[in-house]
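Engineer: Listed below are the residues making up each chain.
There are 2 protein chains.
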Amino acid sequence: MSDEKISTYLATLGQQAKQASFALASLTSQQKSALLQTIAEQLAENSARILAANAQDVQAAKANGLTDAMVDRLLLDESRLAGIIGDIDNVINLADPIGKEADSKLLDNGLRLTRRCVPLGVVGVIYEARPNVTVDIAVLALKTGNAVILRGGKETLASNKALSDVIRSALVQHGLPENCVQLIDSPDRAIVSGLLRLDKYVDMIIPRGGQALQRLCAEQSSIPVILGGIGICHLLVDKKADLNRALDVIANAKVQRPTVCNALDTLLVDQAVAQVFVPKVAAHLHSLGVVFHACEQSQQYLNGLGFDVTPAGEESFSTEWLSLTLGIKVVSDIDEAIKHIRAHSTGHSEAILTDDIHAASYFMNQVDSSAVYVNASTRFTDGAQFGLGAEVAVSTQKLHARGPMALDALTTYKWLAWGDYTSRK
Amino acid sequence: MSDEKISTYLATLGQQAKQASFALASLTSQQKSALLQTIAEQLAENSARILAANAQDVQAAKANGLTDAMVDRLLLDESRLAGIIGDIDNVINLADPIGKEADSKLLDNGLRLTRRCVPLGVVGVIYEARPNVTVDIAVLALKTGNAVILRGGKETLASNKALSDVIRSALVQHGLPENCVQLIDSPDRAIVSGLLRLDKYVDMIIPRGGQALQRLCAEQSSIPVILGGIGICHLLVDKKADLNRALDVIANAKVQRPTVCNALDTLLVDQAVAQVFVPKVAAHLHSLGVVFHACEQSQQYLNGLGFDVTPAGEESFSTEWLSLTLGIKVVSDIDEAIKHIRAHSTGHSEAILTDDIHAASYFMNQVDSSAVYVNASTRFTDGAQFGLGAEVAVSTQKLHARGPMALDALTTYKWLAWGDYTSRK
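Residue numbers (our numbering), protein chains in the order written: chain A, 25 to 449; chain B, 25 to 449.
None of these hints come from the bench; they were simulated from the model.
Mixed in with the good hints, there may be bad ones.
A few chain B residues that face chain A, going by a derived Cβ cut-off under 7 angstroms, partial list only [claimed, not checked]: (1) Asn133; (2) Leu135; (3) Arg136; (4) Ser401; (5) Gly411; (6) Leu412; (7) Leu423; (8) Gly427.
Simulated restraints, written as ranges between beta carbons of each label pair [what the hints assert, rightly or not]: (9) A:Glu320 x B:Gly234: 54 to 60 angstroms; (10) B:Glu125 x A:Gln61: 34 to 40 angstroms; (11) A:Ala72 x B:Lys224: 35 to 41 angstroms; (12) A:Arg213 x B:Ser103: 55 to 61 angstroms; (13) B:Ala296 x A:Lys129: 30 to 36 angstroms; (14) A:Asp432 x B:Gly110: 52 to 58 angstroms; (15) A:Tyr33 x B:Gly234: 28 to 34 angstroms; (16) A:Asp92 x B:His198: 55 to 61 angstroms; (17) B:Arg104 x A:Glu243: 39 to 45 angstroms; (18) A:Arg281 x B:Ser217: 38 to 44 angstroms.
The following residues of chain B were derived to be distant from chain A, with all beta-carbon distances above 12 angstroms [what the hints assert, rightly or not]: (19) Lys29; (20) Gln83; (21) Met94; (22) Ile108; (23) Ile109; (24) Thr343; (25) Ser347; (26) Ser393.
Values in this document were obtained by computation on a predicted structure and should not be read as measured data.
Idealized CB from N, CA, C, for every residue including glycine.
Please model the complete structure; the sequences and the hints are all you need to start from.
Structural biologist: So, in structure tokens, the structure goes:
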């Protein structure tokens, strides 16, 4: 598309979304639940059509030589689709934050003031080839009265189109504008840049994807962006840690799902226990398929034991591995560990294992990441695990929402004040 | 400065601020109060030096032909300085949000979870030639444990330097890094662009200035920005308004302080009362010095009455007047008023005057601005008026903070979780 065509297209999209958002903002919780119920039903009824569209995407992906892992990520089958539909029930059952009022008070100036929770308005979401995100995000946005503009990976365009068509027809059935949910159906990358400048209509951008996408959004967007989902996560084995119980927690953090953002990237070991613990933990992790990037000191404890050890280079401790690789570094004490974390962390999740209550509390106070753990795996940083009932994204920035973001993060507030023809003194 | 020099300078500034922020984050409320107390005392003790520096700025401003209004804005005298110092006492007496915990719970997965309020870290503030902002912002930032990087208007560099020197020496007296407060003392504009890209070290940017600065920050910043302080404010005189009592409220909104963001810009009048009310309110405002940009219909009611009336053009209803000019537009009903507000508002403050409870509630629900008033002047949108005790800025965006921002807006939270060597299932 030409630049002019893109900007006309996006302006129309934006206007339609903003207009639709006004209709959504005045729905009651009951009306929104009924809408989500219909969406769930219609997705189930149209599953054959959705799976057929997905089969097209899968075929194209294979033809284009995508890796098995990538193909698996975009694949829908009956059970996965049923899972996505089942999740809608969970969202229906969550409390609706919209309309709640806080900080209500009668002011000295005579006004009655309250702060009411309202939808953000229009949310733009840019994501990769995961068709489940199309439904997840649309449903969470509608639950909180927001219109969405969706830009999914081009590899899942047919699937996303089938899914969003069903959602749009459910909206119409409920007398709502279909443009409450709009899918950008052109793969043109210039559209993403244009979307990031649509601040006249879009209130928030959520990029759900890797570092390059996050960076693009941070640098180009004139709309507030929620950055997140990039985790260089640390776990410190303190000198007072229970070295036997530590093994399972570290294995869980590293191995349970190595491709996700809350998986462990760097293991820090206090030098007081390093000589004993480093070979011990390496043996345990090696048996689970883990390979190592080790600092000089830990290499001394690992060499010749038959593990796969690479000397840690400049970049080893600044890498989100997303694989069965683990950085290992021996630190002189908890302060060196904290210093290392401050220098290398992305602010996602960090943990300490220790039986020393002072060390635990010092670590919690000094480490400034969105989630800080004592004697637990970093893998818990997740909306469901935190009891939030949903997850829009995991924010690693400090404004608006931090860590797992749930329904509240899709809302803002307005101040309402009542007077009696009241003027300011 | 060369580009390279600027980037080295800013990186040093950023590193120093980040480092200093760690020291601030672990202060108790008592320690912070003692620090603010010393700052207040030292500002009082150094008032001669501060006023002398300000006299330099004033002299230069006059020599450079700044308007009287601008010179007055940057002027400090004993009573203004005493006012600034007095405000520090108010901040000391505010509740410290840092350390408060919320949403604490024991999770099904065995973790004990809490959400603790913590400082943002490093806040960058870009502002115009108002030396009071230097102290206000530094004090609010320190109260909430944040380091600040200040970039004030070049016209007040000597004043800002004198003020920040005193604050920095108070920090040292309390054993804290002086770099908790840093002032950019070069007028080079390229530094602003560089500061907006310092996302490695700076957690939030607050631009306190006009539309051009807000736009620059929105477009160039890779750091989350709080936009605000631009208000195209509307007031609707509903057909059921008390037309006599309305006069004072409208005069208050327009005339009390016309140069500020919460002053009234556009008066909307329901056509059912327009013929009676438009000449009446115009006469009242005319006597107070107000001139008008009137829509076609209101011109009919105003022509020949001796008021200063300009036909409203394309831009009249998209202008923040910041002066004694008022747009007047007759609307067919409340829905047309809401439509006009949605099209022209900057999301700051809007009001309805009405005795009809249904109209009041409809207007409140449908108008999506940071502050919405029934039977009150728009002039109340202000931290002190809202009982917040302080005002960092007035946000017109929807993320993080909306409307008057006080101490809470300078904080974020982190999630803390305790397990017993707990792994995720």
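Engineer: Take the hints in turn and mark each one as holding or not.
Structural biologist: Going through the hints against the structure:
1. Evaluation of the Asn133 (chain B) hint against chain A yields a held restraint, the C-beta minimum of about 6 angstroms falling below 7 angstroms.
2. Interface hint status for Leu135 (chain B): upheld, as the beta-carbon distance to the closest one in chain A is roughly 6 angstroms, under 7 angstroms.
3. Taking 7 angstroms as the C-beta cut-off, the interface hint given for Arg136 (chain B) is violated, the closest approach to chain A being about 9 angstroms.
4. The beta carbon of Ser401 (chain B) comes within 5 angstroms of a beta carbon in chain A, closer than 7 angstroms, and the hint placing it at the interface holds.
5. The beta carbon of Gly411 (chain B) is positioned within 7 angstroms of a beta carbon in chain A (closest approach about 5 angstroms), and the interface hint is therefore held.
6. Proximity of Leu412 (chain B) to chain A is violated relative to the hint, the smallest CB-CB distance being about 9 angstroms (cut-off 7 angstroms).
7. At about 4 angstroms, the closest approach between the beta carbon of Leu423 (chain B) and any beta carbon in chain A falls short of 7 angstroms, and the interface hint on this residue holds.
8. With its C-beta approaching chain A no nearer than about 5 angstroms, Gly427 (chain B) sits inside the 7 angstroms limit, and its interface hint holds.
9. As the Cβ distance of Glu320 (chain A) to Gly234 (chain B) is approximately 55 angstroms, the hint placing it in 54 to 60 angstroms holds.
10. For the pair Glu125 (chain B) and Gln61 (chain A), the supplied restraint of 34 to 40 angstroms holds, since their beta-carbon distance comes to about 36 angstroms.
11. For the pair Ala72 (chain A) and Lys224 (chain B), the beta carbons lie near 50 angstroms from each other, so the given range of 35 to 41 angstroms is not met.
12. With their beta carbons about 59 angstroms apart, Arg213 (chain A) and Ser103 (chain B) fall inside the hinted range of 55 to 61 angstroms.
13. Hint check: Ala296 (chain B) to Lys129 (chain A), Cβ distance near 35 angstroms, so the stated range 30 to 36 angstroms holds.
14. Taking 52 to 58 angstroms as the suggested C-beta distance range, the pair Asp432 (chain A) and Gly110 (chain B) does not conform, at roughly 37 angstroms.
15. About 32 angstroms separates the C-beta atoms of Tyr33 (chain A) and Gly234 (chain B), a value consistent with the hinted range of 28 to 34 angstroms.
16. A hinted range of 55 to 61 angstroms holds for the C-beta pair Asp92 (chain A) and His198 (chain B), which are about 60 angstroms apart.
17. Distance hint for Arg104 (chain B) and Glu243 (chain A): a CB-CB separation of about 41 angstroms, consistent with the stated range 39 to 45 angstroms.
18. Between Arg281 (chain A) and Ser217 (chain B) the beta carbons are some 41 angstroms apart, a value that agrees with the proposed interval 38 to 44 angstroms.
19. With 12 angstroms as the threshold on Cβ separation, the claim that Lys29 (chain B) sits away from chain A holds: the shortest Cβ distance comes to roughly 22 angstroms.
20. Every CB of chain A is more than 12 angstroms from the CB of Gln83 (chain B) (nearest about 35 angstroms), matching its label as outside the interface.
21. The Cβ of Met94 (chain B) sits about 25 angstroms from the closest Cβ of chain A, beyond the 12 angstroms cut-off, so the non-interface label holds.
22. Separation of Ile108 (chain B) from chain A is adequate, the least Cβ-Cβ distance of about 21 angstroms exceeding the 12 angstroms criterion.
23. Ile109 (chain B), annotated as away from the interface, keeps every beta carbon of chain A farther than 12 angstroms; the closest lies near 24 angstroms.
24. The Cβ of Thr343 (chain B) lies farther than 12 angstroms from every Cβ of chain A, with a closest approach of about 17 angstroms, so its non-interface assignment holds.
25. Listed as a non-interface residue, Ser347 (chain B) keeps its Cβ farther than 12 angstroms from every Cβ of chain A; the least gap is roughly 18 angstroms.
26. With 12 angstroms as the threshold on Cβ separation, the claim that Ser393 (chain B) sits away from chain A is violated: the shortest Cβ distance comes to roughly 7 angstroms.
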